Amino acid sequence: MYKRFLLLCFLLWATMTAVFPQSDSLFANWNMRLDAINLSNIDRLPIYRFTLSEVRNEAKQFANEEHTLSQTDKEDLSDLMWKINYMSNILEQKLARIDSLFFAKASEFEQDGNEQEAVFYYKRSLDFNPAYCLSIEKLSAIYAKKHQNAQHIELLHFLSFDNEQKNCPPQLFDPAFDTLLTQASGLIERRNYYDAQKVLDTVKLFLQYIPQEKYLQNCAALLETAQNGIYSSYYDIISKAIKGGNLQIANEYISRLSLDIEKNNQKADQNPFYIKAVQDLKTACQRFFR
Numbered sequence: 001m002y003k004r005f006l007l008l009c010f011l012l013w014a015t016m017t018a019v020f021p022q023s024d025s026l027f028a029n030w031n032m033r034l035d036a037i038n039l040s041n042i043d044r045l046p047i048y049r050f051t052l053s054e055v056r057n058e059a060k061q062f063a064n065e066e067h068t069l070s071q072t073d074k075e076d077l078s079d080l081m082w083k084i085n086y087m088s089n090i091l092e093q094k095l096a097r098i099d100s101l102f103f104a105k106a107s108e109f110e111q112d113g114n115e116q117e118a119v120f121y122y123k124r125s126l127d128f129n130p131a132y133c134l135s136i137e138k139l140s141a142i143y144a145k146k147h148q149n150a151q152h153i154e155l156l157h158f159l160s161f162d163n164e165q166k167n168c169p170p171q172l173f174d175p176a177f178d179t180l181l182t183q184a185s186g187l188i189e190r191r192n193y194y195d196a197q198k199v200l201d202t203v204k205l206f207l208q209y210i211p212q213e214k215y216l217q218n219c220a221a222l223l224e225t226a227q228n229g230i231y232s233s234y235y236d237i238i239s240k241a242i243k244g245g246n247l248q249i250a251n252e253y254i255s256r257l258s259l260d261i262e263k264n265n266q267k268a269d270q271n272p273f274y275i276k277a278v279q280d281l282k283t284a285c286q287r288f289f290r
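Everything in the sequence shown is counted per my numbering, starting at 1 for the first residue and increasing by one.
Don't read these hints as lab results, they were simulated from the structure. These numbers come from a predicted model, not from an experiment. Check before you lean on any hint, since a few could be wrong.
[Said to hold, decoys possible] No more than 20 angstroms apart at the CA atoms, straight line, and that leaves these computed lysine to aspartate or glutamate pairs for EDC-like: (1) K214 <-> D174; (2) K145 <-> E110; (3) K105 <-> D43; (4) K282 <-> D269.
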């Protein structure tokens, strides 16, 4: 009798552990996964979207498969679905303005002097919204300040996208343009014409997407000065070579001058520096072969 009673208890325990722990462990697992989610961590929000979907789908599948849910299971399932829907609503609200959230985080890093992290989060905001002009402008200002013209060129992709949306007010980019044009002016004063031209070429490309008349005029004037500075430097070398009797060297630099002029979408035979250099070389050759 005693053994039969123990056997009955064991079978009852085995039945209960085979049935109830299944739902208990599921609810514990689901709640653990939901509780691990930190909705304030914007770096992982896209991952949480799929986590919520997975939990919701598993819970619905559990409800459909289990036809004899206990009242406790029904209540737990209802609480779980409420939590999922609540978190989903918060998540959708955050995802709708994720670009501005990343922008705000980037701005905090920039204010703290951590430009590396600021650049990272400005780029993150553009990953979600390529037309978010506030981040484009901030990156433009940072790159201009740090003389990072190659990175500046990368922004053209976002400006090209935004150009279709027509969302970026041109005046946002005034500080970046002012910085770049000031850099170019300084380089020209130091006779560093090539680097000045690179900066101005960047400005010229940007102005295709953000046209501003005052900057177009300033850029064109400075670009002409920089290019003439380069042409003048060529002419100085050619003149010295001719005076020293190195006509072959002079001819080589005339060819280089021609290529540089053509590269700037100009015609060499209409350029005064090229015309004068060719004439000087012809005169020198005539004297040499008399």
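Going through the hints against the structure:
1. K214 <-> D174: 10 angstroms, holds
2. K145 <-> E110: Holds: K145 and E110 sit about 13 angstroms apart, inside 20 angstroms.
3. K105 <-> D43: Given pair K105, D43 holds - Cα atoms ~10 angstroms apart, limit 20 angstroms.
4. K282 <-> D269: With Cα atoms ~15 angstroms apart, K282 and D269 stay inside 20 angstroms; holds.
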